[in-house]
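Heads up: the sequence lines are chains G and F, in that order. With this note's numbering, the residue at position 338 of the first sequence is 466, and numbering never jumps. With this note's numbering, the residue at position 307 of the second sequence is 799, and numbering never jumps.
It is worth saying that the hints were derived from the structure and are not from the lab. Don't be surprised by glycine CBs; every beta carbon is placed ideally from N, CA and C. Where hints are given, some of them may not hold.
[What the hints assert, rightly or not] Below, simulated DSSO-like cross-link-like pairs (lysine-lysine); rule was C-alpha separation at most 27 Å, straight line: (1) K771/F - K595/G; (2) K495/F - K573/F; (3) K573/F - K518/F; (4) K1187/F - K662/G; (5) K571/F - K549/G; (6) K573/F - K627/G.
[To be verified] Rough simulated footprint, nothing fancy, chain F against chain G, three-plus residues with beta-carbon under 8 Å: (7) 153 to 159; (8) 185 to 199; (9) 293 to 302; (10) 575 to 581.
[To be verified] To list a few chain F residues with every Cβ distance to chain G over 10 Å, as calculated: (11) W575; (12) Y578; (13) L579; (14) T582; (15) D584; (16) I619; (17) I770; (18) K771; (19) S773; (20) G868; (21) D951.
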Amino acid sequence: MAENKFSGDKATQELRQVAEDLNIQTIWDREVLQTPHCGFGLLGICCKNCNLGPCRVDPFNPDGPKLGVCGADADVIAARNLLRHITAGSACHNDHGREITKAFYMTAKGEAQGYKINDEQKLKVVAQEYGVTIEGKSSPEIAQELAKKIFSEYGQQEGELALIQRAPKKQKELWRKHGMMPRGMDREVVESMARTNMGVDNDYRSLMRQGMKVALSDGWGGSMIATDLSDILFRSPRPLSGKSNLGVFKEDEVNIAVHGHVPVLSDMIAQAATDPEILKYAKEKGANGILVAGICCTALESLMRRGMPVAGNFLQQELAIITGALEMLIVDLQCVMPSLPEIAKRFHTKVISTNPRAHFPGTEYIEFNEAKGFELAKQIIRKAIDNFPNRKKESVNIPKVSADLVPGFTTEYVFDMLGGKTRFTYRPLNDGIIMGRLRGVAAVVGCDNPKMQSGDTHARLVKELLKNDVLVVQTGCAATACAKDDLLTPEAAFKHAGKGIQEICEAVGCPPVLHLGPCVDNSRILTACCEMVKEGGIGNGLDELPIAGAAPEWVSEKAVAIGWYFVASGALVVFGMPYPLYGAKNLTNFVTKEVEEWTGGRWAFEPDPMKMARIMIDHIDAKRKALNLRPMMYQ
Amino acid sequence: MSKIVASAAIRGARAITKEAEDFLIKAIQEKSADTKIGFPETAFFLPMANALLGVEVKTLNEAVRVLNYAKSLLPQVPKEKLWLPYLGDTLDAGIATMLSEEIIMVLRYLYNQEPQADCNGFFTDTILRSLGIQLVDGRMPGFAAILGAAPTNEIAVSIVRQLQERNILIFVGSSTNGRSVIDQLKESGVEMGWDNYIVPYGRDTLSAIYPLNWAIRSAMTFGGLKAGQAKKCLLYTKERVFAFGLALGLVDDYKYATGAGAINMGFPVIADTDIPEIKPSGITTYEALVKEFDYKKIVPRCIEVRGVKVKVSKIPIPVLYGAAFEGERVRREQLYCEFGGKSSQAFELISSKEAHEIEDGKIELIGPDIDQIPEGQKSLPLGIVVEVSGRKMQKEFEPILERQLHRFFNYCMGVMHIGQRDINWVRISKDSFAKGLRLKHLGIVLHAMIHEEFGAIADKVQVKLYTNDGDVQRELAFARKVYEERDERLGGMTDESVDTFYSCELCQSFAPNHICVITPERVGLCGAYSWLDTKAAYEIAPAGGNKPILKGECIDSVTGEWASVNAYVNLRSNRVVERFSMYSIINNPSTSCGCFECIMALIPEANGIMIVHRDFSGMTPCGMTFTTLAGSVGGGVQAPGFLGVGKIYITSKKFISADGGLRRIIWMPKELKELLGEKLIKRAQEIGEPGLIGKIADETIATTSEELLSYLEKVGHPALTMPSLI
């Protein structure tokens, strides 16, 4: 086994051992081979943006180069690189939103097979936010108009986004004041790329202003669209019981894993797998049923809405194949390792790629198309069933490890959770904070990274926060990591949390850690915070709330974009590792200090989960003090 | 909501809803689906369903809709492990419970099973209105609903007494192990009823819906909310109705379910058993569910948990003290001693003094105390002289303060006060004497209460109590001189003799466009505020609900229209009312709020006006009961031909003087005639119609306009020959 940070998860350990025994290279091995990582890259001070270079500035030697060939200093180089990261991340979410909008539009026109409008109430709410009049119109009519408005918002050249109007007045005024209010999603991505070309924007502050602008177009634009339209199309989540980790695979059933991000595919696969004709076919091939499980964020989309089991998070995608029990791995896009087809060759697993944006040599490509959604899904599942007889018993290693969790929390559901259908309210949450039972709310989100003790960092951070009466919300692979430690169960409150949270959880019946869904659903954190502000008593803006966010093991550029839209919205965001930055002193000062004067939010970087918790708690305490809230009830 | 509580409440809700369903099916089978159902004397149908769903249930069939909604709310009982959030579910279960209980109760009315023995049953709108005034003026700080039974009768009595002392209205009912607090109080000889602030609702938990569907009506009556504004109605009761539940003995599923309903309304539940507590706030203002085993602490704990604002501080006297005892009588068999009435000479006087003449808190008893009454004698003469000084104290306030003595004495448990000035009559009960009550305690009460309620004008208060005949006679002579001076000043006061009227805007909390203009000859609609009261109230609290209106230019002295009054009313009625005449029911009459003592209605065919007071529940010749009339006229609108008024106004010289005054009255309930008594007769003589009272019909003579008309013709009522009203 490669010598690097050890994952505390037993399923991961077991299958890594299998991989080693079979001499299969996995992400941990490749990580070791890549260390030490390039120092210039880590510090953010190499530039490959034009053919004057590649250039790098010397951060140590006073006589070394301080400027690139074009004359860009470390701050400009790092800021341009950072802006490109943010832009790529935002582009991913925004394009995801567009993909959902397309499926939504086709559904509205009756051209998407197997899809339907599942939440008419939310449809009406969102439509009105986009200025669609709803009186006297059918749901499909409303949905068509809404979809067209959203499509045109992508290319909108001036004005403001529709959903960003949900933000408190204070934030909107700050964004306008600092020139950070995004216009259209595509427009900000294009402008960002243009600005980072050689010789365009040469001021790190100006570059970061654009960084926040494009990030805001993600959080309050593309991501929020993705969340809301997915709720309308695939139903709005409500809490349910779920299972997670590689032990969810079944010895006697056809195991299919969906992996990627956009629920248009995964939801249809999950739906088609319950088709009687398909089930009958599986029986004919000797299987007792069909198990569809998910990996990465697409898993969480269907977990939240259908209770579909989660096979694993980002780091476990290769291990899913190594169980030897996986008939098929269906992928769409984002966070899908290019190594998968190579590993699949060692087993009977078929890897199917489906999205025209994401091709993987070595996989079978079946382009997914909503027009034939149900048929295509059945066709793909049939192939998986056909593959079931090829499973080799001796190669099967399903770890007996899985964990229960209660996911399915949304901004809207919190109203019902705390007040029921008649007294729906956020008051108990705000009251909890005001009275000092809850110190505040922390988001622990993001990816899992082989550089860190995967999972363990998240769990240690979350437990420390809970101990200090900080309620935790989670999304993405960080949530899946904590699920392995049973932190997303209602019982966890009485095992890990302080007395204040215990009283709240006892009263409400919720877990102390609320699972809000995949990484696009970080938008739910934004809207939930808006509701907290609206409910009153804990500040007039998002920046005044006693909240903090962390992505301890961030991997993707999407995480950088998410972090920035939170900082731009007024939050403290702590990353376990800095993005390439430290070689640029002024830029570092800007992101960790100066930006707070603009937005009220800022960045911090700290790998130790206990210290990370301290940074977050201190920040929350400072916000409590500024709000003049009473001391914690059980300190 | 602990899981145990949630599970119990959800189980309870399911059982109660099932009970409602079975009963409703039975009723529909035995009667017919369109059989009329309803509670007595309410304009709110099934009030909880009306408030929460906006439905007006009048038949069995219409109740099905409510039941179906309740069923749709019923959640699953939380699982043992890996449970899903249950707080919202439990609150939903509480709503379902209240709706179902209300259906069960109305069906019991249909089957004549309600009210239960010794119990009040459904609380009528009339009670809501009349107690609403006490809510407005803060005399009643809140309600308690007691469910179950205390371990002993003594504890039950002690709890109730502690609540009474704090003026908290108490609803008692439900049972624990077949024993009800109602019977505990009954066995202990505790007087119950609205006057005593102790109201038994029923011996089962289901009937606890009565206080709840009574409280929810306050949101629509006083909160100006519309039927169907469910969340707002529930938030109104949370913010404005300081109620709580007190569960004595085992809390079973039914009680938990009903408690979940109460919590929706913001009412916490306090129990004397080992229940799981729910401390986080948000649905309730503070804790939602609390236990307290110590019966000495349980009432203060209730008050703390609900945040009830108890106004009257603890007064150091050996008996309980509070508004709850106001209506209590001291009957002959309980009588220890008495003063005034027919038994001896007594009087009471408040006079203002200079600050240096008064030692605050000094209570002097000049003469024997009540424990020195000779054997075989039961009375003493009594002169009560209260001297007040204050930078803002005025001679004019003396009678206002003096009139409060009646209430201040009656708040004392075992003390009864009747009358005023030199015709007062005070009785003290044997129990109170045995508890150590002596005359100086009455002085302590007056000192404390004047400070408590009139602290803004009274800086210092001292009390002298005379019980020797000679002293009483001497002081009485002085007092009578003061009374005479006052009468000259007050009696001569007419609308023309003053340059300022006063507004009363107290009712705008529930009738936002309503405003009363109060003049010396026109009391407020509620009958509770005279011109002097409003003048004093303005002096005491300039930013309060009463503001001066300078009369200025008179537009029409007959209808009573002034430019400045019009301007003021227009401004404060949110620009709704443009013109306002003081003495007419026809031309731009006053708006009517909702708490008027009487309502008048034009009977066109008789060319006259009928008047009905709040306590009269029967039919009137205009085809509507008081409740129906009030419902259609109240709320702050101008409705020519209809007018809400205070009782005393009927005998005023300015009583609808523009429309012909008292001569126009053709019908009024017998009870109202009796209430007005001498004053009415005197007024009839003043206008030269000594036989008028006999010509005014009552319910024994006519309840339809035909009957009325034929009677009026028979007796030759003057209205028939007066100029046409329309």
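Okay, the hints, checked on the actual structure:
no.	hint	verdict
1	K771/F - K595/G	holds (19 Å)
2	K495/F - K573/F	holds (11 Å)
3	K573/F - K518/F	violated (39 Å)
4	K1187/F - K662/G	violated (64 Å)
5	K571/F - K549/G	holds (21 Å)
6	K573/F - K627/G	holds (20 Å)
7	153 to 159	violated (count 0)
8	185 to 199	violated (count 0)
9	293 to 302	violated (count 0)
10	575 to 581	violated (count 0)
11	W575	violated (5 Å)
12	Y578	violated (4 Å)
13	L579	violated (4 Å)
14	T582	violated (7 Å)
15	D584	violated (4 Å)
16	I619	holds (26 Å)
17	I770	violated (5 Å)
18	K771	violated (5 Å)
19	S773	violated (5 Å)
20	G868	holds (64 Å)
21	D951	holds (36 Å)
The structure fails to meet hints 3, 4, 7, 8, 9, 10, 11, 12, 13, 14, 15, 17, 18, 19 from the earlier list, while all remaining hints are met.
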